[in-house]
Amino acid sequence: MAGIEEGIKTLLDAEATLTAICSTDIYPNKAPQSAAFPQIVFTQLTSDEYNTLDGGGDVRSIDVDFDCRATRSVTATSLSAALLAYIRDFTGAAGAETIRAVTVQGEGSDYIAPTDGSDKGVFIKTLDVQIQYTPA
Amino acid sequence: MARVVSKGTVITQDIAAAQVAIAQINSFSHSGAETGTVDTTALDSGVGIELTASGHATGGSFDFSLFFDSELAGHQSLSDQLGNPIQRAYGLTLAGGTAITFNAAGIGFGFSGDVGGVNTADVTLPITGLMVYVT
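Note that the protein sequences, when read in sequence, are chains X and W.
Heads up: the first sequence is residues 1 to 136, going by my numbering.
Heads up: the second sequence is residues 1001 to 1135, going by my numbering.
A couple of the hints might just be wrong.
[Said to hold, decoys possible] Pairs of lysine to aspartate or glutamate, EDC-like flavour, derived with a Cα cap of 16 Å: (1) Lys9/X <-> Asp25/X; (2) Lys30/X <-> Asp54/X; (3) Lys30/X <-> Glu5/X; (4) Lys1007/W <-> Asp54/X; (5) Lys1007/W <-> Glu49/X; (6) Lys9/X <-> Asp54/X.
[Unchecked claim] Which chain X residues stay away from chain W? Per the calculated CB distances, all over 12 Å, these: (7) Thr17; (8) Thr19; (9) Glu107.
Hint data in this document are derived by calculation from the structure and do not stem from the laboratory.
Since the model is a prediction, treat every value here as computed from it, not as a measurement.
Ideal Cβ positions, reconstructed from N, Cα and C, are used throughout, including at glycine.
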């Protein structure tokens, strides 16, 4: 793990309003099977490089989905709300990277039904966020 | 014969008698250059309109867009021209090394931004005379 993924992980791991709900169960791309719920799994979807004739710029833009997962709907919603409140206007250091602007693009929900015939599925609240940052 | 990539093109402006590169340009275009004509269609001409070369040509305009940084001296120099509208020399060096020069009689300048984007500026340079093309 390196770059902005590490930066986001570092940033969220240090935020008390999130760790009060999900500890540091915050993962890029995929949570390990052993990870506890609730958890946050974030995935970079796209990037925009703002290229110029004289080379790459000092700002990149990425779209990131944050999946807030919990075994109870109300917990997934609380985790998503805490994440939204923290990150929506965040600027500053994220690990070695520097976040310049965060723009929330949308929110959605999902439910993963259990495969063992039980009633214990996973509730997901997803935040779609654009992050503009200066790479280290 | 070769395809000349656009990345690496350098556009310069005259600052204190030196050509200085303008940073953060992301696109450019030259348009509107054309030779002048005179309509010499007479009453007894055929169906087709008859045009005759006037012996002059218009240089058109050179436009470019950039990621605008108002703290950058080279960008300030562009907007400063609105308050000091004089003829100015510009240069264009294509990525293959070809150099083209021209003079602009003034400038058009505007900038914009939007949520989720970065600030950009659009520059229009009305060319006086003609570009000095490679021939």
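Status of Thr19/X, Cβ more than 12 Å from any chain W Cβ
holds, 29 Å
With d taken as the least Cβ-Cβ distance between Thr17/X and chain W, does d exceed 12 Å?
Holds, since 25 Å exceeds 12 Å.
Can the restraint linking Lys9/X and Asp54/X be considered satisfied, given a maximum Cα separation of 16 Å?
violated, 32 Å
When you check the alpha-carbon spacing of Lys30/X and Glu5/X, does it fall within 16 Å?
holds, 12 Å
Are Lys1007/W and Glu49/X close enough, with their CA atoms no more than 16 Å apart?
Status holds; Cα separation ~14 Å.
Is Lys9/X close enough to Asp25/X, meaning Cα to Cα at most 16 Å?
holds, 10 Å
Given the hint that Lys1007/W pairs with Asp54/X, test it: the Cα-Cα distance must not exceed 16 Å.
holds, 7 Å
Between Lys30/X and Asp54/X, does the CA-CA distance stay at or below 16 Å?
Answer violated: Lys30/X to Asp54/X is near 37 Å, above 16 Å.
Is it the case that Glu107/X keeps its Cβ farther than 12 Å from each residue Cβ in chain W?
Consistent with the label, Glu107/X stays out of reach of chain W, its closest Cβ about 16 Å off (over 12 Å).
Checked against the numbered hints given earlier, this structure breaks hints 2 and 6; the rest are met.
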